[in-house]
Every structure is written in C-alpha cells, then in structure tokens.
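**Student:** The listed protein sequences correspond, in order, to chains A, B and C.
Residue numbering for the first sequence follows the working numbering, starting at 1 and increasing by one per position.
Residue numbering for the second sequence follows the working numbering, starting at 1 and increasing by one per position.
Residue numbering for the third sequence follows the working numbering, starting at 1 and increasing by one per position.
Some hints here could point you the wrong way.
Quick list of in silico lysine to aspartate or glutamate cross-link-like pairs, EDC-like style, CA-CA up to 16 angstroms [as the list claims (entries may be wrong)]:
id, chain 1, residue 1, chain 2, residue 2
1, C, 380, C, 57
2, A, 295, C, 462
3, A, 169, A, 48
4, A, 287, B, 14
5, B, 198, B, 81
6, C, 550, B, 81
7, C, 380, C, 33
8, C, 550, B, 14
If you are wondering where the hints come from, they were derived from the structure by calculation, not from laboratory data.
The lines below spell out each chain.
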Amino acid sequence: MGGVLVVLEQREGSLKAVSCEALSVGRQLADQLGADVEALLIGPPGLDRGVGGQYGADRVSVVASDDLNLYQPAAYRDAVVDRVRAGEHQVVVLSATAMGKDLGPRIAARLRCALAVDVTSVEASNGIRVTRPVYSGKAVYSLSITGSPCVISVRPNAFPAVDRASDPKVEELEAPSTDARCRTVQVREPETARLDVSEAGTIVSGGRGLKEPANFKLLEDLADAIGRCAVGASRAVVDAGWRPHADQVGQTGKTVSPQLYIAVGISGAIQHLAGMRTSKVIVAINKDRDAPIFKIADYGIVGDLFEIVPRLTQEVKTLRGG
Amino acid sequence: MKIAVCVKRVPDTETRVRPGADGKSISEDGVKFVLNPYDEFAVEEALKLKEQAGAGEVVVVAMGTGASQETIRHALAMGADRGVLLETDARSLDPVSSATILADELRPGEFDLILFGKMAIDDYNHATGVVVAELLDVPCVSAIAHLVVADGKGKADREIEGGVEVVEFTLPAVLTADKGLNEPRYPALRGIMLAKKKPLEVKPVSLQDGAISVEGLSLPPERAEGRILGEGPDAVPVLIDALRNEAKVL
Amino acid sequence: MARHVRPSEYQPELPRDKLILNEAPADENIEVDVLIVGAGPAGLACAIELANLARKDNESGNGIGDLSIAVLEKAGAVGDHCLSGAVINPTAFTNLFPDLRVSDFPFRAPVKKESVHFLTKVGSVRMPTPPTMKNHGYQIASLCEVARWLASRAEEMGVDIFAGYPAEAMLVNGHTVRGVRTAPTGLDRDGKPMSNYTPGTDVVAKVTCLAEGTRGSLSQAYFAWQNVTTQNPQIYALGVKEIWETKKPLDAVIHTMGWPLPRTVFGGSFMYPLEDKLLAIGLVAGLDYEETGFDIFQRFQEMKTHSFFREYLDGGEMVEWGAKTIPEGGFYAIPDRRYGHGVIILGDAAGFVNVPALKGIHYAMQSGIYGARAVFEALKNGATSAPHLAPYDGLVNDSFIMDDLYRVRNMRSAFKGGFFAGGIKAAAMTLTGGKAFGKKIAMKPDAAVRKHIKPAEPFVPDNTLTFSKVDAVFKSGNATRDTVPSHLIVEKDVGEDVARMYQHMCPAGVYEVVEGRLQVNAPNCVDCKATDVIGPRWTVREGGSGPAYKRM
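Work the whole structure out from these sequences, hints included.
**Tutor:** Structure, rendered in structure tokens:
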C-alpha cells in the first residue's frame with residue numbers, strides 16, 4: 001500500500017514518450033519514499049504492458065476497453081481515482097500534456113487533495129517539494145505539498161527517461177463506464193498545417209538575414225525535419241509582409257518558451273529577445289559574429305545561413321532515420 | 001441562457017517580474033494589472049452566446065482583493081449584466097482550495113454554462129475551472145478553441161499534441177477557454193459608463209491555504225554563458241551532438 | 001540636382017474634413033456637462049478645479065447641482081503618454097490644492113544643486129547658470145507620476161476619466177463645438193472591421209476643453225477652421241529621453257549646451273536625479289535643423305558616450321526610453337484666441353511653454369485652472385458661447401503665464417542666427433527684462449525651413465550604453481497591435497532623399513528606407529508628433545496604442 005502511481009498516456013495504442021519520463025520521475029520519488037511505484041495504463045486493448053519493466057515499475061495496472069481509445073475524461077478520472085482509493089498511493093504523477101492538464105485537476109478534485117502543475121523538479125523530502133515556472137517563465141515557485149495523496153504533473157521534456165529494468169506484476173482492472181454527458185468523439189488533424197508558435201515545443205525563427213520571403217522555405221524544411229516544430233519570424237520580416245503576424249515572436253507578437261529555439265538570420269534586438277529568452281535552449285545562426293543574439297544563445301554557428309541551414313536539415317533527417 | 005464567467009485580476013505579462021520583500025510573491029511595484037487574457041475569451045464567448053440566444057444573463061464572478069472590482073467592471077463594460085466579488089486578501093496556489101469557494105458560490109445559480117479562461121497568466125495552474133466542474137459534478141471541456149451550443153447540447157474543439165479533440169457534451173457544463181476561441185471586444189465608452197451602474201455584489205470569503213505552501217518565488221537561473229561552436233556548415237554536426245547529448249532537446 | 005529638401009512640399013494638408021465634422025451626434029451618444037480631451041497636467045487640473053468649484057457652489061446652497069465632467073485620454077492608462085524632464089515650479093499645485101503642502105504633492109525631490117555646462121567633443125566647461133534657468137526652490141518630478149496622482153484626485157472628486165479613448169474628430173454645429181467622436185477599435189491593417197470591431201462613440205458636452213498637448217490634432221484643426229491668427233507660426237523641438245538605474249548617484253540638476261548639437265541647432269541636454277541612483281537624461285533639439293541627415297535620436301545616443309555622462313551611466317541600466325516634441329514658439333506663437341463657441345484650448349496645445357526656463361507644466365496646470373473658472377461661470381450663467389468663455393483668455397493674459405512668456409518672448413527666436421549670436425542676444429534680453437531685441441523676430445514654420453541634403457554619420461549601437469531605435473521603442477513600453485491600420489498620412493512617392501530625412505527625423509524608427517523607397521512601420525510610433533511637424537501627418541489610432549511610459 002502507499003507509494004507512487006504514475007498514469008501513462010497513449011495515443012492510438014502506442015505509449016507516448018513523455019510517459020517514460022513520468023515513470024522515471026515516479027521511480028525516483030518512490031525510491032526517496034522507500035515505497036513502490038505502480039504504472040497505470042489506460043486505453044484500448046492491446047497496449048504494450050512491457051514498458052513498466054523498462055523504467056523500474058513494481059506493478060503495472062491495466063484499464064483497457066474499446067471505449068477508452070480516445071481520452072474520455074470521466075472514465076479516465078474514475079480509473080485513477082478508484083485505483084488511488086484502493087491502493088492508498090501517496091503521490092499521483094502524470095505528464096503535463098493536454099490530457100494531463102485536464103485529467104490532473106479532476107483527480108485532485110475527487111480526492112480533495114493538492115495539485116501541482118507542470119513542475120520542473122520534484123523531490124520527496126520533508127513532504128513533497130516541487131518547483132514550477134510561472135509568470136510566462138519569468139519566475140519560479142518553490143512549493144511544498146502536505147497531505148496524502150497529492151497529484152503532480154511533470155513538464156514534458158524536463159525530466160530524463162532513465163532505463164531501469166524491473167519485473168513488475170501486471171494486473172488487469174475493470175474499466176469504468178464513460179459519462180454519457182460528455183464524450184470525446186474524435187481526434188482530427190489540425191486545420192493549420194503548421195503549429196502555432198505559442199504552443200510549439202520547438203521553433204525555428206527567421207529574420208531579415210533570409211533576404212527574401214521565398215527563402216523561408218529553408219526554415220520550413222528544417223521545421224518539417226525536426227517535427228512538431230513551428231516557424232516563427234522577427235518583427236522586421238512581419239512588418240515587411242514576408243510572414244503573417246501570427247508567426248511573430250517578440251514585441252506585440254508572442255512570447256514563446258519552447259524547449260528549443262533556433263534563430264536564423266536574426267540579429268537579436270531586445271524586443272525579439274524579450275519574446276524568446278525563456279526558451280530552454282537557444283541556438284543562433286548568423287553571419288555576424290557580433291550580433292547581440294550570440295550573447296543570449298546557448299549554442300551558435302557563425303556563417304552563411306544558406307549553407308548552414310540545409311546542412312542542419314540534412315543532419316536532422318539522418319538522425320530521425322529518414 | 002444563464003451564463004457565469006469566472007475572472008481573475010492578474011499582472012500584465014509585460015511586467016518586469018521581481019520577487020517582493022517576502023520572497024514568496026512578486027513585487028507589485030510598477031506592475032500593471034489586467035483582466036486575465038484567457039478570461040477575456042471566456043467573457044466574450046459568454047456575451048456571444050447570450051446574444052445568439054436572444055435573452056439571458058451573464059454574471060461575472062471574481063475572487064480576490066477589493067481591487068478586483070475593476071476587473072469585474074471591465075467585464076461589465078464589455079456587456080456582462082452583473083458581478084460578484086468574493087473578497088479575500090488571501091491567495092492560494094492550491095486549486096482545490098480556490099475552486100471550493102467558487103463552486104459554493106456558483107452551485108445555487110443554476111447556470112446553463114460556467115466559463116473560465118483555461119489558465120491564469122500568473123499561476124499557470126490550468127486547473128481551477130476543471131476542479132469547479134468536478135465539485136459541481138457537471139461535464140467539463142477544457143482549453144476549448146471552438147464552440148457550438150444548441151438545444152441543451154454543445155460541441156467543442158480542444159487542441160492536443162498534433163491534433164484536435166472533438167468533444168460532445170450536454171448542458172449544464174463548465175468550459176475553459178483557450179486563445180483562438182474568439183476576438184474579445186474592446187469595451188465601448190458607453191459600455192464603461194453603463195458598467196458603473198450595473199450591480200456588483202461584494203461578499204467576504206475565507207480562502208484556506210490548502211495543502212500547498214509557497215517556500216519561495218525566485219527568478220529563473222541566469223542563462224549559463226553560451227558558446228559559438230564553429231563556423232560554417234561543418235559546425236553543424238557539433239551542434240547536433242550538443243543538442244542531443246548535452247542539452248537533450250533533439 | 002536638388003541639394004535641398006523643403007519638408008512642407010511633401011507634407012499633406014491637415015485633414016480638416018476628417019477632424020471637424022459638421023453633423024449631428026449619433027442618436028446613441030453620451031452627454032456630459034464638460035468634456036476634457038487629454039489627461040495631462042492641463043486637462044486634469046481643469047477637471048479638478050471644476051469639480052472643486054462645483055462642490056463649493058453646492059455647499060453654499062442653490063448650487064449648480066451635479067456637474068458631469070469627463071476626461072478622455074488616448075493612452076491605455078493615464079500617464080502612459082506623458083513625458084517631460086521634469087523640474088516643476090510647484091505654484092500651480094498650491095493654487096489647485098491650497099490646503100495641501102508641498103510634501104503632499106507627487107514630486108520626487110527638491111532641486112538642491114544645479115549647474116550648466118558647455119560641452120565640446122572631448123571636454124566640458126561649467127557655465128554660470130543663466131538667470132532664466134535657475135531652478136532653486138523647484139521640484140524634480142516624473143510627469144507620468146504627476147498625471148496619475150492628479151487623476152486619482154480627480155476621480156476622488158467624481159470626475160470620470162476614460163483612458164483608451166482617443167478623440168478622433170470634433171463634432172460641430174455651425175461654429176459651435178458640440179463634442180467629439182472617439183476612435184473606433186478593431187480595424188485591420190487595411191482599415192476593415194475585424195470580428196471585434198467597435199465603432200467610436202459621440203460624446204456631447206456643453207463645453208469641450210482641448211488639452212491634447214503638443215501638436216494636438218483637434219486644436220490645430222480648430223485654429224485653422226476658425227482662422228485664428230498667431231503673430232509667429234508655432235515651432236517645435238524634439239526631445240528624446242531615457243531613464244537609467246545607475247551605480248553612481250547624481251545629486252544635481254544638470255543642463256548642457258554645445259556638443260553634440262551643431263551651432264545651427266537650438267537645444268541642449270538635461271540630466272535630473274529622480275532618486276539617488278535613478279536619473280532622467282535627455283537631449284532636446286529644434287526641428288528646424290538644417291541637414292536631412294541630422295538624427296536627434298542618434299545624437300542623444302552618441303552624447304551618452306561623453307565622459308561627462310559616462311561618469312554616471314557606466315555600469316548602469318537603461319530602463320525606459322521615450323520622445324516628445326515641445327512647442328517652442330513662445331509668446332508670439334500663442335494663438336490670439338484660445339476660446340470659441342463651446343470650446344477652450346489649454347496647455348501645450350495653446351503653446352504655453354517657457355523655453356529658456358524649460359517650463360511648461362505649471363503653465364499648463366494654471367491654464368487648466370483658469371479654464372475651469374471661466375467654464376464654471378459660463379455654466380452657471382447657462383450660456384457657453386464664445387463671449388461667455390472669453391474670460392478664460394482674460395485670466396491667462398493677466399496672469400504670470402503671459403507675463404513670463406512676454407519677458408522671454410524673443411529668446412528662442414534669437415537663436416535663429418546661431419548659437420553664439422543667440423547667446424549674446426539672449427543675455428541682453430535677460431539683462432533688460434526683454435526690452436533689448438524686444439521687437440518680434442519673424443520665424444518660419446519648421447516645415448518651411450530648407451534642409452540641406454546630407455547623409456547621416458554611421459552609427460552602430462553598443463547595446464550597453466547606446467541602443468538602436470528598435471530597442472528604444474521596446475523600452476518605451478510600446479505594445480501597439482502590429483496590425484493596426486497606419487495612422488500616418490504620407491505623400492505618395494516622396495523619393496529617397498525625403499525618405500531618408502524622415503528616417504532620421506523620427507526617433508522611433510517608423511520610417512525606414514528599403515531599396516530606395518520609404519517603408520512606414522506605423523506601430524512603432526510613440527506619438528511624439530515630430531512627424532506631424534515636418535513629415536507625414538499624424539492622426540489618432542485606436543485607444544491604448546503607443547507607448548506606456550512608467551516614470552517619464
């Protein structure tokens with residue numbers, strides 16, 4: 001009894017990569033608490049039950065049903081809440097994905113317990129202590145959570161997935177029924193082919209250095225190669241009409257905070273920097289070694305972007321295996 | 001159509017964030033406060049639904065200090081009918097704590113819809129609206145970017161990673177609004193003048209700390225000094241290696 | 001080959017037919033007793049004095065009753081568009097609030113020490129402080145903070161202040177001003193309504209007080225429409241200013257002349273301590289400068305590299321930037337009539353600025369006080385036609401406002417002949433209380449002064465002490481929606497020489513030359529109005545556009 005419950009997330013029958021991160025966080029917490037970690041798989045029949053054993057789970061519980069292929073809030077919530085009530089877990093861990101941000105509050109509400117969202121660090125010492133970014137990434141809260149259980153959603157890509165072999169016991173659980181009052185009926189392709197800059201985990205941005213609008217194709221190719229990557233633009237090129245204002249980063253355009261921001265041919269005016277400086281990793285590609293952007297970039301390459309960007313695209317494609 | 005919209009007074013995102021003297025909250029010196037932008041989408045949507053239905057009432061509810069009256073007045077100036085301020089100087093980062101008070105206020109109202117912004121731009125919790133829905137035991141769709149309501153039923157789109165989830169639900173329901181749902185209207189001067197006369201009830205409430213306490217608010221760590229990896233396309237493999245193995249973002 | 005550019009040849013006319021609408025107000029309009037356009041020191045002082053007079057009148061029985069006073073402000077919040085040095089003569093404050101003490105007013109610090117210096121490229125020489133510039137007994141302040149404080153007092157007294165509502169046009173009936181129409185919001189780049197479009201509102205009032213500040217559009221339109229004459233055209237200087245957090249404290253009010261301004265340009269710099277380690281620093285220069293490549297923004301940036309200023313700025317941080325024009329025509333440029341049927345004009349919009357003393361705020365506030373008194377009497381008598389508002393001019397003419405301005409009436413114009421000649425004339429004027437060189441010196445409007453075509457010196461900001469226009473605009477808090485329709489009326493095809501002149505005239509980078517053609521980045525505009533003086537005409541944008549000054 002007790003311990004950590006990690007809710008894993010699947011999409012179309014396959015486990016999402018972020019779940020491995022969540023499981024590793026759960027494993028670490030369980031170690032600190034001197035307790036077990038249980039992985040909870042909710043979804044359609046046929047899910048791979050083996051992942052628990054790759055990341056150190058002590059138990060794996062499976063709630064499978066055809067009705068649960070898509071995220072059904074009430075049923076997923078009930079699956080977790082029932083399991084926590086039965087298992088008396090101390091901590092529930094999810095990924096702060098779209099699903100996690102919706103599911104976490106529901107669990108906390110039913111259990112009348114604490115909820116910490118999108119945390120970037122967590123440890124079990126004197127209760128549960130977390131840090132989480134707030135105010136558009138401009139500040140960080142250090143919080144301590146009391147009471148048991150508590151629900152924690154972890155920021156995607158902020159924790160490593162740590163291999164840990166284990167031999168978990170697997171148990172099939174009964175699937176709760178879905179709520180007739182609220183049903184997810186389908187998942188469809190997004191209207192815009194491209195991600196919005198404010199939601200993307202990776203952004204490739206271009207500035208005047210690209211010389212003309214048609215050259216943004218280079219960045220689009222790079223974005224395609226990276227995958228789930230938005231193409232942003234500096235104010236200068238938006239003003240010049242090369243790119244739509246929805247793509248603008250900085251000034252009254254958007255403030256973005258992706259995992260990776262690649263600034264191509266952007267010199268780094270303060271207004272642009274203000275829009276992207278909370279990005280986790282910043283890469284700058286510019287022919288001017290003295291461009292201000294290099295002062296804020298974690299990694300930089302000086303040179304002709306028309307040679308560097310295609311090479312980068314090519315290398316990323318190779319990396320992605322095709 | 002009877003709709004409630006919950007709003008919050010938050011610091012403007014352009015605010016220069018500095019920890020205050022207590023080290024646990026931001027310094028309010030020189031900070032401009034605004035109606036939470038995501039709540040604006042919620043207010044706008046409520047107004048559109050009422051206009052579409054031809055009749056009804058839009059009630060704005062806020063929880064916070066007395067200054068939140070300004071925030072409610074902004075929503076009233078946009079066109080909401082009346083406001084309620086649940087007054088408290090306390091702040092809680094525990095979503096269940098705040099939501100409990102809101103739910104108690106909203107429960108007797110028999111609203112067809114209760115709208116929230118998906119999150120507040122200060123605390124980034126993404127939770128209050130959903131918790132309120134659970135406490136009231138009504139259906140809830142969060143972070144919606146498109147909405148259609150008719151005949152006691154609704155259909156909403158919400159963005160997920162790489163796709164759009166389509167959810168069908170019955171009323172009464174709670175919805176939380178995301179960017180893209182609509183373009184909020186700028187209050188007309190007339191609206192501001194009328195807003196002064198609309199009813200705004202102030203009710204003191206007691207907000208508990210809940211199970212979450214703040215140990216500190218700090219600035220994010222200074223970016224470590226970056227480095228130029230090289231010149232020209234030959235530096236690309238070095239970059240890829242760094243991004244993969246050092247920064248772990250690729 | 002053209003070697004000069006005369007800005008007036010490329011300037012579109014003031015769009016009078018858009019600024020003055022001879023039509024009935026919309027059925028759904030807002031009616032108030034007094035409408036004040038502009039929540040700066042003049043407008044707010046007027047509002048406060050009016051509310052004061054109404055309250056006293058009501059207390060004494062058989063009073064005027066409820067007086068509805070509304071102030072419209074184009075900035076998103078009061079103070080957001082206010083910018084000045086500033087060293088303020090507190091007299092208008094004590095006139096407005098006789099029961100309060102100086103320590104109650106929103107001043108930062110009294111002036112303790114002051115000095116004036118003449119700079120050369122490499123050094124500086126202390127000069128004796130000209131008598132007109134003595135600031136002892138005055139107060140250092142931030143005009144933003146002054147405006148916000150006045151606005152709070154006004155609201156406490158029942159005045160309605162609407163920030164984010166620019167007055168786009170005056171509504172008139174025959175020769176009577178009936179009120180204004182505010183600007184619409186929610187138009188896209190091409191001027192088409194978007195889904196959240198809100199049309200403007202007509203505000204109707206018995207008296208409209210125009211307190212728009214420097215180069216106000218409605219004020220200009222009114223004077224032109226009514227053929228109100230001035231003895232000299234109004235002329236302007238452009239000031240650019242920054243606020244710095246410094247490591248080294250400043251303890252004196254400092255003014256400089258000379259470098260980096262050439263002898264043919266009138267102006268100088270100021271540096272004032274707001275707090276121990278917070279200072280305001282700026283450069284002011286007349287817009288009648290003689291070369292197209294003269295860039296006041298750039299000169300100011302270069303100025304900061306002089307050791308005289310570096311002593312304070314090194315190691316510090318620039319926290320705010322802004323720009324604004326100042327009417328410099330003085331006594332002879334003040335319109336002959338500042339009132340009309342249902343209207344009065346206050347403050348900088350009427351030109352009440354004492355250039356040699358660098359003072360305008362207390363004149364603005366005092367004109368607001370006099371305006372309020374005249375308006376109040378008119379309302380009591382139930383008549384607001386011109387003869388009933390005329391006493392406003394009488395009060396101003398008989399006051400220290402006109403006395404002071406008359407005494408220094410030719411000082412600015414004296415500098416028309418260059419710095420040294422001007423200095424001698426100015427000294428003579430001071431010594432004789434204005435009697436020497438007392439005859440009006442004719443001036444041309446700034447736009448009529450030819451500018452010799454000369455490229456600008458190259459300038460590369462170092463991003464620590466000096467900055468680009470783009471970075472400066474960011475520090476002005478400008479968050480104008482990038483897709484607002486352009487508010488600037490630009491003559492078609494101005495050609496590269498004129499385009500370059502615009503580029504250097506504008507401190508906010510609104511005008512750029514891209515491949516030989518003029519590119520207009522309208523959202524950058526910080527409403528300084530330099531463009532309206534010698535470049536494309538300025539018009540209002542949707543409410544809340546422009547800068548958001550915090551402590552300017």
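**Student:** Each hint should be assessed against the structure and marked as holding or not.
**Tutor:** Evaluated hints:
no.: 1; hint: C:380 with C:57; verdict: 10 angstroms, holds
no.: 2; hint: A:295 with C:462; verdict: 13 angstroms, holds
no.: 3; hint: A:169 with A:48; verdict: 14 angstroms, holds
no.: 4; hint: A:287 with B:14; verdict: 31 angstroms, violated
no.: 5; hint: B:198 with B:81; verdict: 7 angstroms, holds
no.: 6; hint: C:550 with B:81; verdict: 33 angstroms, violated
no.: 7; hint: C:380 with C:33; verdict: 11 angstroms, holds
no.: 8; hint: C:550 with B:14; verdict: 12 angstroms, holds
The structure fails hints 4 and 6 (numbered hints given earlier, in ascending order).
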